[in-house]
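Participant: Go ahead and model the full structure; you've got the sequences and the hints to work with.
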Amino acid sequence: MSNEKFTDPALDAMDDNLLDFDDDPLSATGVSRKSLVIFFLIDTSGSMKGKKMGELNTVMEELIPEIRRVGEADTEVKIAVLTFSTEVQWMYANPIPIEEFEWARLRANGVTSLGAAFRELNQRMSRNGFLNSPSLSFAPVIFLMTDGYPSDDYKAGLEELQGNSWYKYGLKAALGIGQEANDNILAEFTGSADTVVHAYSGEQLAQMIKIIAVTSSQIGSKSMTLSDDTGKELGEDDVFAAKQKLLGQQIQELVSSQTDGSDIPFDTGW
Amino acid sequence: MIELEIGQEVEMEFGGKAKVLSVIGSGGQGTVYLVRFNGQKWALKWYDIDKMKKPKAFRKNLEDNINDGPPSSQFLWPKYLTKETEDGTFGYIMELKPEGFDSFVDILNTYKLEVDSLTGHALKKNVRFASLSAMVTAVINIVNAFRQLHRVGKSYQDLNDGGFFINVNTGAVLVCDCDNIAPDGSNFGIGGKPGYMAPEVVRGIAQPNVQTDKYSLAVVLFKLLFRGDPMEGEKVVRDVCLTESAELRHYGQNAVFVYDPADTSNRPVRGIHDNVIRFWRIYPDYVKDVFIRSFTIGIADPTKRVIENEWQKLFLRLRLEIIQCGCGRTNFSSMFVQESETKFRCPKCGMEFATMGFSHRTTRLPLYLGCKFYACDISPDSEDFMTVAGELVENKLKPGVLGIKNCSEFKWKAKMPDGVFYDIFPGKGFPVWQGLEIDFGQITAKI
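Chains A and B, in that order, give the protein sequences. The first sequence maps to residues 6 to 275 in our numbering. The second sequence maps to residues 870 to 1316 in our numbering.
One thing to keep in mind: the hints can contain errors.
[Stated by the list, open to error] In the EDC-like style, the derived pairs of lysine to aspartate or glutamate whose C-alpha atoms are separated by at most 20 angstroms in a straight line are:
hint, chain 1, residue 1, chain 2, residue 2
1, B, K993, A, E104
2, A, K237, B, E1208
3, B, K981, A, E71
4, B, K993, A, D188
5, B, K920, B, E955
6, B, K1157, A, D29
7, B, K948, B, E964
8, B, K923, B, E955
9, B, K920, A, E241
10, B, K981, A, E105
11, B, K993, A, E71
12, A, K57, A, E67
13, B, K1182, B, D1253
14, B, K994, A, E258
15, B, K920, A, E104
16, B, K1104, A, E105
17, B, K1241, B, D1253
18, B, K993, A, E107
19, B, K1104, B, D1129
20, B, K981, A, E104
21, A, K173, B, D1108
22, B, K922, B, E964
23, B, K1241, B, E1221
24, B, K925, B, E882
25, B, K1182, B, D1250
26, A, K215, B, E872
27, B, K923, A, E258
28, A, K215, B, E882
29, B, K929, B, D917
30, A, K250, B, D919
31, B, K1241, B, E1263
32, B, K994, A, E104
33, B, K1274, B, E1260
34, B, K923, B, E964
35, A, K237, B, D1170
36, A, K54, A, E105
[Said to hold, decoys possible] Computed, partial: chain B to chain A, Cβ under 7 angstroms:
hint, residue
37, N995
38, V996
39, F998
40, S1002
Calculated directly from the structure, the hints in this document are not laboratory data. The beta carbon of each residue, even a glycine, is placed where N, CA and C say it ideally should be.
Facilitator: Okay, here's the thing in structure tokens:
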């Protein structure tokens, strides 16, 4: 009778220390979290110099604490920043958890190698690269900001990227800064026009970066939010890219609710 | 959406104005502000009506809820509506979350972030239950809150980890986000999280109701006790990326419980789901069996889902079976060696524990310094599981002598070694001995 409750051989084999360590019902570690990497692709070419870069650096510094709050219990948010000018360069060698992330102020110089940035992103966006979490991941958020026409063959780079499943399922958004940025190219990258926005002034730049970064990380860090009045059995087609569609809707709603900035546009007064 | 400015005044429906002090947070349906109204601080939830499918019906439902009042004191219930603005935007105010409560999200994470207002750096602060008893009490409170809600014919609709605050020292629970609560069968277009939503809602073939609430409740309880997702195992992790279609499959069309006895395809994965693997071994079978039922036959057949009263009974039993050993080991009696029908022994230090049986049930209460029983344990008419009726304490004047203190408001009778039953008045106690019998009135107890 005495050992009735302890017939589990695995339990019998345990020494006291292990038993001690292992069986306290309060000794929980955090629930296993799904990871979400937010990629920022930032144009640091010479044309970004001055007010644009100053504004961008400032808003990114302010933004990090805001994004910190979007991760729920089951999501660990990490940030990776890829800058592209003549060279492409990661701000840090690995994605950094949002709690520890510190924005390193960027400087502008050189030309706009967007195609090279797409290729670099494609290489790192893999299980052996930046998306190496042992547990589940949400599809990444990829946010592109640029102010000019690419100076290299962006199409070839984009084609490589489009073959990447993480890109395919990821949430893509883009911000064109000033008159030179081409929204059609940006829409080629995001896959839809409604996830592309444009900023012509410093005030708009700050607003748009916040809108896109916060909305996309909110949507990206959560499970698919379902509407419950579909009334019919959902299929895979009904939910494919549901988050990307939602992102497009929300960005458009938020953008249209913003008033035009009254300060001087970037492209004048140089 | 129209955001409110700090300092702005919002007119309340029945007069007076609420002044906006700061932003507390924002969610899918709107933003919550800290406001001052009638000289008191409140939380104001201000809706983004563009995101609502039926704002008029939503407001009417909210008004009905305010008039009905909360089902119990465990709900942070809407208190007053604001006036509608010209474009129909509105909000409501509710009491602020009291001090000492942590969000369920932070409990699952085991820490919360506190941002240093000077440097902006986020610091991690531990959030853990102070005792096993507090954790099981929290579970009982959650179950009880939903029992009360369903009793008045309403459903919560979008039950998930954002919906609770818990006091980790006492196990007290506050249910928040009560604005989507609606009479069973009606729905105002709230979405939800696949991990918490019933599979039939994820699949798009049912709307939230009392039965889908029961599924979500089982998920919440599983997460709180086993600290993992009941449907996330090998099958899900193999997909690597949780795309929308993967969610539809794993939480809707083909949801498989990680410990489904008939389907081993989705077992927890070592290194990822260590909590679930560890804790599944600790809990007694009568708890595990009910989770298995919830997440196997309860998936396909909503009518087979576990009712709140059953959860409540089994967790009341679980709380009584906690043993806190003098060596520091605290666990359920099923993790102690059962020496005989009435005795347990600590596998670590060898200490023995006698048990006390109650006349109205078969499970026995292990006796250890600090063990408690509650008002519902000594009266068949009581449902009060929070008020302590009796506690095993050490006599302050005779160190080393253990006895039971009458913490209730009623007179008990206890049998002493001379065979006589003596009156034990509230606040008094009596030593524990081999032949102890207690007469609580309608219920008796015996060592």
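Participant: For which of the previously enumerated hints does the structure constitute a violation, in increasing order of number?
Facilitator: 2, 4, 9, 14, 15, 16, 22, 28, 34, 36, 37, 38, 40
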